[in-house]
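A.B. asks: All chains should be modelled from the sequences, with the hints used to inform the complete structure.
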Amino acid sequence: MPKILLIDDDADFRLLFERKFTDLGHEVLTAADGVRGLQVVMETPVDLILLDLNMPHRGGVETLRFIRAVNLDVPVIILTGLMDEAAQAQIKEWPVKNIVYKPVRIKDLVALVEKALGIAHA
Amino acid sequence: MNANQAKADGLPRYIPHWLRNPWGILAGVATLYILLYYAWTYFHWGGDDAIIFIGDLSPLPVSLFASLAAWRVAADPRLDRRLRQAWLFLGLCVFSQFIADAIWSYIEIVLQVDAFPSAADIFYLLFYPMALIGLVSFREAPLSQGDRLKFALDLSIVMIAAWMLIWYFIIVPTAAANEGDLLSQVLAAAYPIGDLVVLGGIVALLFRRPEGATRAALLIFLAGLLVFIAGDLLYGYTSLLETYETGGWIDLTWITAYLLFAFAALRQPYLSEATAAEEGWERVTERLTLTLPFLAIGLGYGLLIFVSLQGFTGGAQVQGLFIGAALLTAAVIGRQMVTLRENARLNAELQAFSAELEQRVALRTEELRKSQDALFASQKLASVGTLAAGVVHEVSNPLNTILAAADSLEAKLEEPTVDPEGLKFYIPIINRAAWHAARIVQALRTYSRGSAPELTRQNLAEVVDDALLLMGYQLKKWDNVKLVTELDLDLPEVVCDRNQIAQVMINLLNNARDAMADGGTVTLRTRHTPEGAVIEVADQGMGIAPEAVSKIFDPFFTTKGIGRGSGLGLSIVTGILRAHNGTIQVHSDGLGQGATFTVTLPPAAEE
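Quick note, the sequences are listed as chains H and R, same order. Position 2 of the first sequence, counted from 1, bears residue number 2 in this note's numbering, the numbering being contiguous throughout. Position 232 of the second sequence, counted from 1, bears residue number 232 in this note's numbering, the numbering being contiguous throughout.
Treat the hints loosely; a few may be bogus.
Said to hold, decoys possible - To be clear about the criterion: a stretch of chain R counts as covered by chain H if any three or more of its residues have a C-beta under 8 Å from a C-beta of chain H, and this derived list gives those stretches: (1) 397-407; (2) 425-433; (3) 475-484.
Unchecked claim - Cut-off 30 Å, straight-line C-alpha distance, at most; resulting in silico cross-link-like pairs (DSSO-like, lysine-lysine): (4) Lys97(H) <-> Lys477(R); (5) Lys92(H) <-> Lys3(H); (6) Lys97(H) <-> Lys3(H); (7) Lys92(H) <-> Lys477(R); (8) Lys3(H) <-> Lys424(R); (9) Lys115(H) <-> Lys412(R); (10) Lys477(R) <-> Lys3(H); (11) Lys412(R) <-> Lys107(H); (12) Lys3(H) <-> Lys476(R); (13) Lys97(H) <-> Lys412(R); (14) Lys97(H) <-> Lys115(H); (15) Lys115(H) <-> Lys3(H).
Hints were generated in silico from the structure; no laboratory data involved. C-beta atoms are modelled at their ideal positions from N, C-alpha and C, and glycine is treated no differently.
C.D. replies: Here's what the structure looks like:
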């Protein structure tokens, strides 16, 4: 069963995401900020990370840098409301699967996640 | 020989550079000669028989030396034409004395008759016109028209007073003493009048200040002339009292004057800057010159009082004094009027100048205010830009949540078995997210109003909440800085512009963050005091040096690096608070001790 990690500071979205993807049969882990997200990454190998950029206690770009230092290959989907030029430039250095701008339809997100996990949807 | 070569010649240091040459040695010899003459005047070596002989002949070598020295200057091709002309005539005036003394000696010693009046007088009298021509030949500083009038009046005052003195003490009594002999009368009067004329020349030169390069030489020459005139007048007076004696102390004056003329002539070719001692003398002379008219007025009227105490005897002698006094008074009044007019003009100029200055200050202030307004506006736009970015992010989050919830709901409803309890899960999520988005939009609406402050009654607690909401995006970027809030929920209502007070808070919070490069805690406190509502932002940052505390609210004052701070944040804050009748204070225990900014807004009046 693939493990998905969502790092996002929006608590309600974490709840919705967890319920949706659990319903779809995935194992979902969540973290409210970069520090906690990295803890999860270091303790549990995950198959996909969805990462918000704008968060307190270590933003998404920093977190991505740490993730790449710990686990080079894990696919990452950036999930953000806004990305400034500095963030765009930094993201380029650490390849990511997708950049998704909020708000996003949950169906689209499901499709992206499953594509990233290599799951062919019937 | 020039001054540089002369320095090595072993002469004592007190001998000035312009005397370190063969002519200087001659001048030294002449000085010793005159000292010897002084001694003779006291001791009268050679007995009474020798007095006329020695007394008549002694001045001859000195006056000859002085005239030769003057002509040497006149022949110097390096000097200005007018300067050379001046010295030609000064040489002639001294040389005329040489001739006169020679004739006088011949008559007295060889012919053994009374030498007055005689052909010698012609040459003695030649001294005055020659000296005057010499004096007026010197170049003087050019005068403006107003100065020329002042100069003429000052000169008149001095000359009238001098005339009064000479008239009373010398001319009239001398003429009376020579009664019956017209030639003697005319000649006796001619000397003091000549003195008066030369005195006029001296005073004119002093008032008009000769050129710098000739000043030192000229001052020596003028000193000689004054000694000469003093001798003339003393001679005239003692002749009247019949106490004059050839070979007596009055004769010392003329011979000393010749020596001074010689020194002046030796000084002239050295056009270099004056020595320190010479500068000192020039300053003294200048100061004396300034007091000269006052001295003259005092002497003129003093003489009048003196005569009145004598009981006004003496006919023409006293009449002349009264005419002199009238003229003196007229000149003084004229001088006073010139001064008054000049003062009035200066005053008008000063007023015009200060008016213009004020206008320029007002204009400059207006320009500054305009450019500052523009900067305020651009600063505000810049912060609106950052805020907009923040708002995009903040709104996208709840929208994202709402969409996800709605999608999930939809999906749940399409499932074959719908569990109503399961559906309830989504409702509060949607509610919270939508409310969150609504609050952001509301805050932004307030913020995006026009730049004119809109003062309305507001609950300050809400305004503070708005500001924190608007800053949400920025606050999340405060990696190593923690914001702690201690908010009093019971704040009074204040009359304010929500948007501007939010800006005040944003500026203060951003400043606090910027002050803490190494991290720390920013504390935002609100509280209720008798003075009104207080918002306090305290940081643990770099603090403020005591000398910077007074400048910190000035526009463009910044300690942040170039390109980092506009230096406007706090001055914008001050401007906003002024418009709100509020105050801002800063407290810092010094560098490294953190800083606390305290904003106080007066409570709104009771409704």
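A.B. asks: Please go over all the hints and tell whether each is borne out by the structure.
C.D. replies: Here's how the hints hold up against the structure:
1. 397-407: Result for this restraint: holds, n = 10.
2. 425-433: With 5 residues in contact (Cβ-Cβ under 8 Å with chain H), the coverage given for the region 425-433 of chain R holds.
3. 475-484: Result for this restraint: holds, n = 5.
4. Lys97(H) <-> Lys477(R): holds (24 Å)
5. Lys92(H) <-> Lys3(H): holds (25 Å)
6. Lys97(H) <-> Lys3(H): Holds, because 16 Å separates the two Cα atoms, which is no more than 30 Å.
7. Lys92(H) <-> Lys477(R): holds (20 Å)
8. Lys3(H) <-> Lys424(R): holds (27 Å)
9. Lys115(H) <-> Lys412(R): holds (23 Å)
10. Lys477(R) <-> Lys3(H): Cα-Cα ~29 Å, so holds.
11. Lys412(R) <-> Lys107(H): holds (13 Å)
12. Lys3(H) <-> Lys476(R): Roughly 28 Å between the alpha carbons, so the hint for Lys3(H) and Lys476(R) holds.
13. Lys97(H) <-> Lys412(R): Answer holds: Lys97(H) to Lys412(R) is near 29 Å, not above 30 Å.
14. Lys97(H) <-> Lys115(H): holds (10 Å)
15. Lys115(H) <-> Lys3(H): Holds. Lys115(H) to Lys3(H) sits at ~14 Å (cutoff 30 Å).
Violated hints for the displayed structure: none, as all numbered hints are satisfied.
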